[in-house]
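Protein chains: 2
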Amino acid sequence: MDFSSLLTSFGTSFVIFLILMLLFTGLSRKSVNKVVYYPNRILKGIDPLEDGSKTRNPFSWIREALSSTEEDILSMSGVDAAVYFVFLTTALGILVLAAIVLLPVLLPVAATDNIEKSSNVTLINLEKLSMGHVKEMSHRLWAFVIATYWVSFSAYYLLWKAYNHVSNLRATALKSPKLRAEQFAILVRDIPPVKGQTTSEQVDSYFKTIYPETFYRSMVVTDNNEVNKIWEKLERSKKNLVRAEAIYEESKKRSKPAGRKPTRKTGFLGLFGKEVNSIQYYNEKINELIPKLEVEQKVTLRERQKGSAIVFFTNRVTAASAAQSLHAQMVDTWTVMDAPEPNQLIWSNLPKSFYERQLRQYVVYAIVALAIFFYMIPIGFVSAFTTLEQLEKVLPFLKGISHPGAIRTALEAYLPQIVLIIFMSLLPKLLFFLSKAEGIPSESLAIKAASGKHFYFTVLNVFIGFTVGGTLFNTFKAIGKDPSSAVTILATSIPGNATFFLSYVALKFFVSYGLEMSRIIPFIIYHLKRKYFCKTDAELKEAWRPTDFDYVSKVPEDMLIITIVFCYSVITPIIIIFGVLYFALGWIVSRNQVLNVNTPSYESNGRMWPHMHTHILAALLLYQVTMFGYFGVKKFYYTPVLIPLPILSLLFAFVCRKKFYHFFHSTSLEVASCELKETPNMEIIFKSFIPPCLNSEKYDDNQNDDPLSQV
Amino acid sequence: MDFSSLLTSFGTSFVIFLILMLLFTGLSRKSVNKVVYYPNRILKGIDPLEDGSKTRNPFSWIREALSSTEEDILSMSGVDAAVYFVFLTTALGILVLAAIVLLPVLLPVAATDNIEKSSNVTLINLEKLSMGHVKEMSHRLWAFVIATYWVSFSAYYLLWKAYNHVSNLRATALKSPKLRAEQFAILVRDIPPVKGQTTSEQVDSYFKTIYPETFYRSMVVTDNNEVNKIWEKLERSKKNLVRAEAIYEESKKRSKPAGRKPTRKTGFLGLFGKEVNSIQYYNEKINELIPKLEVEQKVTLRERQKGSAIVFFTNRVTAASAAQSLHAQMVDTWTVMDAPEPNQLIWSNLPKSFYERQLRQYVVYAIVALAIFFYMIPIGFVSAFTTLEQLEKVLPFLKGISHPGAIRTALEAYLPQIVLIIFMSLLPKLLFFLSKAEGIPSESLAIKAASGKHFYFTVLNVFIGFTVGGTLFNTFKAIGKDPSSAVTILATSIPGNATFFLSYVALKFFVSYGLEMSRIIPFIIYHLKRKYFCKTDAELKEAWRPTDFDYVSKVPEDMLIITIVFCYSVITPIIIIFGVLYFALGWIVSRNQVLNVNTPSYESNGRMWPHMHTHILAALLLYQVTMFGYFGVKKFYYTPVLIPLPILSLLFAFVCRKKFYHFFHSTSLEVASCELKETPNMEIIFKSFIPPCLNSEKYDDNQNDDPLSQV
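Line by line, the protein sequences are chains P and F. Position 249 of the first sequence, counting from 1, maps to 249 under the UniProt record's numbering, and the rest follow consecutively. Position 679 of the second sequence, counting from 1, maps to 679 under the UniProt record's numbering, and the rest follow consecutively.
If you are wondering where the hints come from, they were derived from the structure by calculation, not from laboratory data. Check before you lean on any hint, since a few could be wrong.
Simulated crosslink set (BS3-like; lysine-lysine; CA at most 25 Å straight-line) [claimed, not checked]: (1) F:Lys-239 to F:Lys-253; (2) F:Lys-239 to F:Lys-274; (3) F:Lys-535 to P:Lys-658; (4) F:Lys-658 to P:Lys-306; (5) P:Lys-195 to F:Lys-687; (6) P:Lys-178 to F:Lys-208; (7) F:Lys-265 to F:Lys-677; (8) P:Lys-175 to F:Lys-208; (9) P:Lys-195 to F:Lys-659; (10) P:Lys-292 to P:Lys-229; (11) F:Lys-195 to P:Lys-161; (12) P:Lys-677 to F:Lys-208; (13) P:Lys-292 to P:Lys-306; (14) P:Lys-541 to P:Lys-531; (15) P:Lys-658 to F:Lys-658; (16) F:Lys-659 to P:Lys-436; (17) F:Lys-677 to P:Lys-208; (18) P:Lys-238 to P:Lys-658; (19) P:Lys-208 to P:Lys-195; (20) P:Lys-659 to F:Lys-195; (21) P:Lys-238 to P:Lys-292; (22) F:Lys-34 to P:Lys-659; (23) P:Lys-208 to F:Lys-178; (24) F:Lys-261 to P:Lys-658; (25) P:Lys-659 to F:Lys-306; (26) P:Lys-261 to P:Lys-531; (27) F:Lys-44 to F:Lys-541; (28) F:Lys-253 to P:Lys-208; (29) F:Lys-252 to F:Lys-265; (30) F:Lys-635 to F:Lys-208; (31) F:Lys-658 to P:Lys-436; (32) P:Lys-253 to P:Lys-239; (33) F:Lys-34 to F:Lys-531; (34) P:Lys-239 to P:Lys-265; (35) F:Lys-659 to P:Lys-306; (36) P:Lys-208 to F:Lys-208; (37) F:Lys-195 to F:Lys-178; (38) F:Lys-298 to F:Lys-261.
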C-alpha cells in the first residue's frame, strides 16, 4: 500500500464519517426520533428536546459532552461507565504526552538523516518520517531510545493515577449510604447433600450457627426450567391479550363503531385450526395458566432445590466478610462469594458444582486457545490477499474492473480492513457464550472474562498475525526451533505494516464512531417496528429500549488500537496523531452515548478496571520488547539500555496488583462498615432476589407458609 | 562400588547401630540418666522409671512405641507430631504396598531373563535383580510398566487418605473447646502512619468501627530492642545471684561452717578489675536494673510503637473471619493474618513493611537458587572422588594405607556418603536463618519455608546431582542446548548409582537412628554440664531441657529417601526393602522420641502437611518422568503408555490443593464456631501475648493507666 492509497483511505473514511454525522444532526433534531437518540434521558425522566435551544445547534451535543462531569456519568450510567472514561482519558493522556515530545523531536531527527541511496528500502514520503529512515548504528537512535523511555514512563504515571482514581470510585460506590440488596447477600455454592434435610433447612442451620446474630434468611436456588416455561407462556399470553385489545380498540375507531374483534387460530403457531376470538382465547389461557403456575412454583420451591443458595445478612460488614471467609473444612464445599446484583445473576450457572466449574473453565480455555490458533488460517488468507496485485493473480477477472485509478486505490485501501472487521465482529458473541459456559455466576464477570479472551485474541491474531503476515503458523514453527528469534521476527516485520495499521485505525474511528453516533441501524429497526408491528405502548417502549454499553467488543477494540499505537509510536511517530484522534473522538462519542443513549443493565462497581490496566500494560510490554528487537535490527550498539524497561513494567504490574487488586475482587470491610442512610428493610432486599418466574403475591401474605426459608 | 563393598557397608552400619542401641539400653536404665532419656515425660509429670518393670526389659521401649495410639501422641506432643507420624505411616504404607507386588513379581522376571553375554554391562549379583538385566525391547518390560502404575496408584490412594486424616486432625484441634489465646487474635501489619494519633489509638478506632460488638483490645507491636537488653541483663543477674547463693551454700557445707562467699571482678567479662562479693554485686545490680526496666518499658510502650499490632476479639468466629478478610481499600495497608501462638511470634519481623517483606522474599529465593547452583561445585568434587581409585590417583599416599582389603572396602563404602552427610548437616541452619530473614512472622511458618527450600535443595543437588554425577553444571549446559535430552540423561545415569544410594539409605538409617536413640551427644553434654557447671536446680533443668522435634532437617531427609526409593523402586526393586526398613525404624524411633524425649515448642496444627504432601507428589512425578525416560532407553516400544501418569499426578495435586489446602492456610468458620468449654477470660488471653521483656505487674493494677490499649 503506497502513500496515495493511504490518503484515499483517509479521505473515504472521512467522507463516510461526515455523511453519518450529518444524518445524526438531521435525524436527532426531529421530535419523533428522540426515543432513538435520547432513550437514556427519557427513561431517567429528562426530556431532551424540552430544555431550551440547546438542540437547535447541531454541535450542542459536543458542548454537552465536553461540559459533563464525572458525577453526571455516575448518576446517568454508574461506576462502570465512569471507569470506561477513566480508561479513555488515560489512553488519551498517554498518547498526548507522547505526542508532545515525540512529534517535534523524532520527526525532524528522522527526516533529516541522509540514508544511503543504495539501501533497498523504497522511500516514500511517510517512511521519511519514521525510524526506518535513520541510518543503522547512527547516534541519532539515542533520541528514539529516550522516546521509548518517555512513552513508558508517561504510561506508568498515568496508569498509577488512574488505578488510584478507579479504586476511589469503587470505594465511594460501595460506601454509598444507598441501600443495595447485593451488599447484604452472599452466594453460597457446593452445598453438600445431606440425607433427611432439605437444602434450605441445612443452609439455615449452618449459617445460624456461624452467624447467630446477623443471619437473616436464605434463598435456595431451584431448578426453574419448568416453572419458567409456564411463566413465559403466561407473560406471552398477557402481552398478546393487551395487543389484541389494542387492535380491537383501533378497529373500533377505524372501520365501524362496533369494531372487529381480532381472531386467531388455535393450531400450530396460530396459523391452522379453528378460528377463535383472540381476546377470549388469551383470557381463557391466562386463567388456565395462573393456577398452574402457582402449583408449579410450590413444587419447584419444595422439590427442585439445588446445592446452591443466596444467604442474607442484616448488615453489610458481615456480608462482606462472609463472602471472603472459608466456611467449611473441605474447601470444595460451601464455597462463598459476594452476591452479584439480582438482575445480572446467571441462575442456570449457580448450581454447577466446584469441579464442574473448574473443568468447564479449562475446557473453555482450551477451546479459546484452539480458536486463536485456527482463526489465523482465514486471517492468514486475508493477509496474503492484502495487495490487489496478489488478488488479481488469483482472480484474473478483477484486473478489468480494477483498472481505473480511483476504484483500484479504494479497493486496495479497504479490502483487507473490511475483511478483518467482518471477522472480528463475529467474535464477541462467541466469546461471551464461551465465558458463560465456564459457569460464571454473573453477567458482569462473564463479560469481563469474554473481554479478556478477546484482548489476547486480537493482539495475538490481528496485531501479531497481521504484522508477521499470514505466516504466524510458520513463524511459530520457526520460533519453536530457535526461541530467541521471536523478537527479531516481530521487529523486522513491524515497519512494513505501518501504513496498513494507519489506515486501519482511521477506518476504525471514522466509520465505527460515525455508525455509533448516527445510530442508523437502531433508527431503521425502530421505525420499521413502529410502523408495522407495535400496537401497544409496551411494545413501542420495547422497540426503542436502549441496549447496554457494549463492553465485550468495545474495550478489546480500543485495546487493539492502543497496542498498535504503542508499538508504532516510536517507529512511525505520525501514528500517535491518529491514536489521539481515535481516543478523543471516542471520548466525545461515548460521552454522548452514555449520557443520552445506553442504559447500563448491571453495575460491577469497576471490576473491569484491573483487566483494562493489565491489558494496557501487556500492550506496553509488547511495545518494549518490539523496540528492543527493532533497535537490534538497526544494529544499535547500546540496545541493552532498553532491558530495564520490560523489567520495570513487570515490577509496576506486580506492585499495582499487590496494592489495588484484592479490593476489586472483594469488598474491604473498612468500606463496608460505612453507615447507611436508613435501617435496611430486609424483606425488600430478600424479595429483590426472587427470580420473576417464582415471584408471586403469596410472599406478602404469610411468611410461615413460605418454603423458601424456614426462618 | 561392587557388591562386596556394599555388603561391608551394610555390615559396618549395622555394627554401629548395634553398639549405639546397646549404649541406649544400658544408659537409659540408670536412674541418673532418666532426664536425658525421658525429659518429655518428666516435664509432663510422669516418672518413667516408676511404672513397674517396664523399663527392666531392654525392648520395652519398642513395645511401648508400638502400643501407643495417636491420642497418646496428640496429648504428649500435639498435632504437628501426629502429622509427622501420618507422614511416616503414609510413606511406609506406599512402600509396603509396593514391596508386596514388586518384589515377588519383578525380581524373578528380571533374574530369569538371559541377557546377551556380549553386553558391555558388567553383571554382578545385585544387577541381576534389576531392570537393567532385562533385554531391550523385551515383552517382560510390561511387568515393569504395570509396577510403575501400581506404585503410583498406591501413592495416590494413601496420600488421599492421609490428607483427609490430617485435615480432620487439624479440624479437631481447632474445634477443641480448650481456650487457646491465638484463636482470639489476629495479626495486623502495615498500619499506615497517621499524624496526630498514636498507632494504638488508630488501631482501636479502626477496629471498633468495623467490629463494634466483638472487638476487645489491641496490642501494638513496639521496638523492644532497648527494653529487651535491660531485661536480659536483669534476668542474667537474677540467675547469677541464685548461682552465687548456691555456691555459697555449698561452700558452707564443704569447707568451713561460715562458708566462702563467691567473688567476681567488676571488669570485662568478670575477669578484670576490682574483686567484689558476687551476691552483693548482683543484688545491687538487680536493684539498679528494676527501675531502669520500668522506665524503659513505659518509654517503649508510649514512644516506640510500630505499624503493626495484635488485635483481640471476644469470639473465635470473628477472629477467624477477620484474619481472612480484606480490611482496607489499599491492599498494602492493614494487612491481616491469623495470629500465631504467642511463644512462636518472631517479634522483630512483625513491623517489616509489605514491600520490604516481598523484596526480602525474592532476595532470599534468589540466594537459595544461587546456593543450590553453587553447592553443586563441592558436591561435584565429592562425586568425582566417589571411588577410591580416583582418590588414589589424586592422593597417591592413600594407596599405601588403603591396600589391605577390609580398610579399603570400608573406605570405599563410606567415603562419599560421609562427605555428603557432612555437607548436608550444614544446611538446615542456613536455610532457617534465610527463611526468618524473609520477614515471616512465626517460627512454624519459617520452619515450613526452610523445610521447603531444603527439599528442593536435596532433590536437585543430592539426588539429581549425584545421579547425573558431578557434572550437573555441564548437564544443565547440555540440557540448555537440547531440552528434550534432560529425561534421557537422567534415565541413563540412574541405574549406575543404585548401589551408592542403597548404601546411603542403609548408612542413614542405621547410623542416624542409632545416634538419635542413644542420645550420645546430649548425654555427654548433660553429664559434663552437671559435673562442671550446674550449681542450681534451674541450671540443671536447663541442661537436660529437651529440644524441639527437628522438622527442618528431618522431613527433607525423609523426603530424600522417599525420592531415592521411588525412583529406584521399579529399576532396582530390592531398594524397597531398605525403604521399608528406614521408615519402619524411623517410625519406632520417632515414636520413642516424641513420647519420651522431645517437647514441642510450638503448635502449627498441621500446617506442615500440605508441604509434605506436595513434596511426596513431586518425588512421585520425578519417578514417573525418570521411568518414562528409562523405558525409552530400554527401547520399549510402548513407552508412551506411561504418559498418563505424570498428568494424573498433576491432576491429583490440583484436586488435593483445591479440596484441602485453603483450610490449612485459614481457619474455616464452621470449625471456629464450635462451642467453648468456658467463657474466655479476655484479660488472660491478652496478657499471654505480652513479650516477657514488657511484662510487668503493672498490667494487673490499673487498665486505664496502661498505654498498650485505650479500651
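query: Can you give the numbers of the hints that this structure goes against, from lowest to highest?
result: Structure breaks hints 3, 5, 7, 18, 22, 24, 28, 30, 37, 38.
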